[in-house]
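Colleague: Keeping their order, the protein sequence lines are chains A and B. FYI, the numbering for the first sequence is 37 to 371, going by our numbering. FYI, the numbering for the second sequence is 37 to 371, going by our numbering.
None of these hints come from the bench; they were simulated from the model. A virtual CB, placed ideally from N, CA and C, is assigned to each residue, including glycine. Do not rely on the hints blindly, as some may be mistaken.
Computed cross-link-like contacts, DSS-like style, restricted to lysine-lysine with a CA-CA straight-line distance of at most 25 Å [as the list claims (entries may be wrong)]:
1) Lys276(A) to Lys275(B)
2) Lys42(A) to Lys224(B)
3) Lys275(B) to Lys127(A)
4) Lys124(B) to Lys224(A)
5) Lys196(A) to Lys341(B)
6) Lys175(B) to Lys341(A)
7) Lys124(B) to Lys47(A)
8) Lys196(B) to Lys47(A)
Some chain B residues judged to face chain A by a derived CB distance under 7 Å, without partners named [unchecked claim]:
9) Ser72
10) Lys99
11) Tyr352
Protein chains: 2
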Amino acid sequence: MPEYRKDPITKRWVIFSTERSERPKDFGKVEQVIDSQECPFCEGHEDMTPPEVYALRDEGSQKDGPGWKVRVVPDKFSILDEDGDLKKAGKGIYDTMSATGLHELVIETPNHMGSLINLEYHEIETFLKVIKDRINIKKDDYIIQYVLVVKNYGSEAGAKFKHSHSHSHIVGLPVIPKRVREEILGAKEYYEFRERCVFCDIIAQELSENERVIINNEHFVSVCSYAARFPYETAIFPKKHMSAFENTPDEYLSDLAHILKDTISALCGVLDNPAYNIVIHTAPVNQIMPVLYHWHIEIMPRINKVAGFEWGSGFYINPVLPEDAALHMKENLRS
Amino acid sequence: MPEYRKDPITKRWVIFSTERSERPKDFGKVEQVIDSQECPFCEGHEDMTPPEVYALRDEGSQKDGPGWKVRVVPDKFSILDEDGDLKKAGKGIYDTMSATGLHELVIETPNHMGSLINLEYHEIETFLKVIKDRINIKKDDYIIQYVLVVKNYGSEAGAKFKHSHSHSHIVGLPVIPKRVREEILGAKEYYEFRERCVFCDIIAQELSENERVIINNEHFVSVCSYAARFPYETAIFPKKHMSAFENTPDEYLSDLAHILKDTISALCGVLDNPAYNIVIHTAPVNQIMPVLYHWHIEIMPRINKVAGFEWGSGFYINPVLPEDAALHMKENLRS
C-alpha cells in the first residue's frame with residue numbers, strides 16, 4: 037500500500053510507492069523503446085490499458101474501442117490509491133497518511149507520436165480542453181485538495197520509455213503541494229504589501245522590458261523567467277488575471293495551443309530535442325483568494341545535472357542568462 | 037560577472053554563472069575521464085591549480101610543491117566572485133545581487149583516488165579537520181552568512197569528470213540557503229511548541245525504534261530518513277546536541293570518519309557504486325538560537341530521475357521504504 041510520510045522539519049510530503057520498486061542495482065538503468073506494435077496507447081490497442089474513464093470519441097464508436105481523439109485512463113502504475121479512505125496518523129514525532137488520490141493518464145493522440153510538437157494545433161487545443169474538463173470533474177471529489185498536471189518527455193525528465201506515445205499525467209492530491217504553497221505564500225505577501233497580483237506585475241514588466249519574452253499572442257505570453265533555475269526554463273502566462281487553469285474560456289485554448297507548441301518547438305530547435313518536464317500550476321481546489329494566484333505553465337528542459345550545491349542549498353546555478361535564452365529561442369522561431 | 041537573481045514569488049536565489057556556459061547542444065553531454073597523468077589534484081601537479089590557500093604539509097615541504105596530506109585551492113571554475121563588493125539592487129519588481137562569495141576545493145588526498153571509501157579512516161579524519169578549520173576561517177569574512185560543504189561523486193551527481201580525484205567544495209554565501217532556512221523555520225516552530233530540538237527528538241526516536249538506524253557509534257548515528265526523498269537517502273547526526281559542525285570537538289572526528297566511510301561503503305555495496313551527493317548542513321554564521329539547530333550530513337544517492345511531479349509539487353516519490361534500505365545497508369556492513 038502506498039503511503040505518504042511527512043518530513044518533520046521541512047514539512048515536505050514524500051510518497052512511498054514500493055510497488056514500483058526495482059531491484060537496487062537496476063535503478064534508472066532501464067530505458068525501453070516502445071514501437072507502435074506494442075504501444076498500449078495506440079488506437080486499436082485499447083485492451084492494453086485499464087478501461088477508459090473518459091474519451092473524446094467519434095460518433096458511433098464504442099467505449100474502449102478505436103475511434104477516439106483523446107483518451108483518459110487510470111495509470112496502471114499509479115502512485116496513489118483511488119479507493120482508499122484518507123487516514124492520517126502520528127507515530128511519535130512522525131506523521132503519516134494513506135496515499136489516497138487519483139492518477140490518470142491523458143493519451144493526447146491516437147497516433148504513435150512521441151512529441152507534443154508533432155501534433156497539429158487543433159489536436160493540442162482538444163487535449164487542453166480535455167485536461168480542463170478532467171480537472172473540473174476531479175474537483176468534486178471531497179478528498180482532493182489539488183490537481184497537478186505534468187508531462188515528462190525523455191528519460192532524463194523521468195519518462196519511463198524512450199520515443200513513447202505522447203501523454204500527460206493528471207494527479208489529484210489530498211494536500212496542496214509544497215511548491216504551490218510557496219507560490220501562494222509569496223503571492224500573498226506581495227498582495228498584502230502592494231494589493232496587486234505578483235504574477236500580473238511580472239507579466240507587465242516582462243512585456244514592457246521585452247528582453248525575455250519569446251512569444252506574445254492575444255491571450256498568452258511565454259517568457260524565459262528572470263530567475264530561471266534551469267537553462268532555457270520557460271513559463272507561459274495568461275495575460276489577463278485568471279487563478280485557475282480549468283476556468284480558462286474555451287475560446288482562449290487555440291491561442292494556448294499555438295504558444296505551447298511554438299515555444300516547445302523553439303526549445304527543441306535550440307537544444308536538439310532535449311528532455312523536458314511541463315507542469316501546469318493552477319489554484320488549489322478550495323481557493324481562498326482567487327485574486328492573488330495566477331495559473332501558469334512551467335517548461336523545464338532537463339539538460340544539466342542537479343548537483344550537491346543545489347540539493348544542499350535549494351539555490352540553483354544557471355549557466356545561461358534568460359535574456360540570451362530568449363534571444364536564441366526567438367531566432368529559432370524565425371528560422 | 038556572475039550575478040544572483042531572486043525569484044520574486046518563491047524568494048529562491050539563482051546564481052547566473054555564464055562563464056561556465058557551454059554551447060546549448062553540448063549541455064551535460066561531456067563526461068571526461070581524467071587519469072593521474074593529467075590530474076591537477078595529484079601530488080606533483082600543484083602548478084596545475086591556482087596557488088593553495090591552505091595545506092596540511094610535511095615538515096620542510098614548500099607551499100605549492102609536493103609533501104602534503106590535504107590541500108585547499110580556490111576553484112578555477114568558481115561560481116562566485118571572491119573580490120567583489122556585495123552590491124544589491126532592484127529592477128522593477130526584481131531583485132539582484134552581485135555574486136560575491138568564496139568557492140574553494142578541498143583535495144582530500146595526494147593520491148589519485150576517485151572515491152572517499154578508498155581513503156583510510158585517519159585520512160578522512162584529517163580531511164574533516166581541515167574542513168572544520170576552513171569554515172572557522174571563512175566565518176571571519178563579514179560578507180559570509182553561510183558556509184556550505186558539498187561533495188559530488190559521479191556524473192549523475194553533477195561531477196564534471198568521471199573517476200576524478202576525491203575532493204569537496206566549500207562555498208561561502210552572502211545569504212542563508214533556502215533549504216537551511218526551511219530547516220531552521222521548521223525547527224523553530226517545533227521548539228516553540230515543545231521547547232526541544234526537533235533533531236534531538238528524531239535521533240531519540242530512531243535509536244529507540246531501531247528500524248532505520250544503519251550505524252550507531254559513541255558520538256554519531258547514521259539513519260535512512262523516515263521521509264527520505266530518494267531511495268537509500270541517509271543522514272548522519274551527532275548524538276549530542278551541537279548546532280555547528282565547525283565546533284565539533286577534534287576528538288569526535290575519528291568516530292565521524294568511521295561512520296562516514298562505513299555508511300558510504302554500505303551504500304556503494306548495495307547500489308553498485310552509485311553517484312551521490314554529500315552535504316554538510318551546519319548552522320548559519322550568525323547563530324541566533326544555537327539551541328534549535330543541529331548540524332548533520334545528508335547523503336543522497338542519485339539513482340532515480342526527478343520527474344515533472346517532483347519539480348511541480350516539491351513532493352517526492354520514493355520507491356524504497358527507508359526501513360528496507362536500512363536493512364539492506366546493514367546486511368552489506370556485515371558481509
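Colleague: All hints, please: hold or fail.
Modeller: Here is how each hint holds up against the structure:
Between Lys276(A) and Lys275(B) the CA atoms are separated by roughly 54 Å; this puts the pair beyond 25 Å, and the hint is violated. Distance check on the hinted pair: Lys42(A) and Lys224(B) sit about 17 Å apart at the alpha-carbon level, within 25 Å; holds. Taken as a hint, the Lys275(B) and Lys127(A) pair is honoured in the structure, with Cα atoms around 21 Å apart against an allowance of 25 Å. About 24 Å separates the Cα atoms of Lys124(B) and Lys224(A), which keeps this hinted pair within 25 Å; it holds.
Between Lys196(A) and Lys341(B), the direct Cα distance comes to roughly 10 Å. Compliance with the 25 Å bound is thereby established for this hinted pair. For the proposed pair Lys175(B) and Lys341(A), the alpha carbon gap of about 29 Å is over 25 Å, so the pair is violated. Simply put, Lys124(B) and Lys47(A) have alpha-carbon atoms about 31 Å apart, too far for the 25 Å limit, and the pair is violated. Straight-line distance between C-alpha atoms of Lys196(B) and Lys47(A) comes to about 33 Å, which puts the hinted pair past the 25 Å bound.
Given hint, Ser72(B) at the interface with chain A, is violated; its Cβ is 24 Å from that chain's nearest Cβ, farther than 7 Å. Interface restraint check for Lys99(B): the shortest CB-CB distance to chain A comes to about 28 Å, outside 7 Å, so the restraint is violated. Annotation: Tyr352(B) was flagged as interfacial toward chain A, and the flag holds, the nearest CB pair being 5 Å apart, inside 7 Å.
Of the numbered hints listed earlier, those contradicted by the structure are 1, 6, 7, 8, 9, 10.
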